[in-house]
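Chemist: Sequence:
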Amino acid sequence: MPDRVTALVLCEAVAIDARVREDQLFGFVDGPDGPVHPLAAGARRRRDVWDDRAAVRASYGSRPPLDELHPDTLAGYVRWGFRDRPDGRVELSCRPETEAQIFGSTERHGPAESFEALRRVAADGRVPAAVLVGSTTDLDREWFRGQAEVLGVDIEVVDGGHFFLFEDVDRGVRLIEEHLRNLGNQLPDGPGEADDTVEGETD
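Our numbering puts the first residue of the sequence shown at 112, with every later residue one more than the last.
Keep in mind the hints are simulated off the structure, nothing from the lab. What you were told as hints is all true, and nothing was included just to trick you.
Now the in silico label distances, taken between C-beta atoms and shown as ranges:
no., residue 1, residue 2, range
1, Glu208, Leu291, 33 to 41 angstroms
2, Asp183, Glu253, 28 to 36 angstroms
3, Ser173, Asp270, 20 to 28 angstroms
For clarity, every value in this text was computed on a predicted model and none was experimentally measured. Each residue gets a CB set at the ideal place from its N, CA and C atoms; glycine is no exception.
Turn these sequences into a full structure, and let the hints guide you.
Modeler: Put into structure tokens, the structure is as follows:
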């Protein structure tokens with residue numbers, strides 16, 4: 112990865128230490144093949160097919176957590192997060208079962224495998240990183256503490272929920288640009304002086 116990535120900015124990243132998963136089985140739900148991660152169970156409950164995009168936008172925009180999204184963000188999600196069906200209706204581009212398999216997987220592309228990839232990045236020592244979390248996130252803060260610990264950084268708390276990047280688009284752009292610029296200055300051949308202006312606080 113260091114040959115392809117020069118810096119990482121993790122924003123509410125779903126990368127979970129496998130040991131934390133095991134410790135949190137109390138939050139799992141029963142499935143036909145054993146305990147199921149609650150994010151996977153929630154994904155399977157998502158409504159897949161809608162009459163049209165207007166119905167999707169009206170529903171998503173009226174209830175949490177998507178009611179906190181910037182209008183342009185919600186419009187983009189409704190436009191590109193759904194695809195047209197031959198019968199005139201629309202369906203999720205990422206089907207519920209696909210999303211559930213990603214959240215529930217302990218192997219390739221799953222949260223635990225993603226966390227192990229972070230370990231490899233940290234062990235290499237060549238990729239500076241930041242871990243950002245929303246102040247009102249509904250996800251387990253231990254996930255992000257684990258990411259910060261393995262990467263050797265502090266958690267940075269940003270006002271907002273799980274989708275804080277998309278609640279205020281201008282702020283989201285600034286956060287990413289500032290962090291990438293500051294992280295770039297930590298590289299051996301990093302550019303110029305670091306800009307220390309970051310919206311949020313260190314936890």
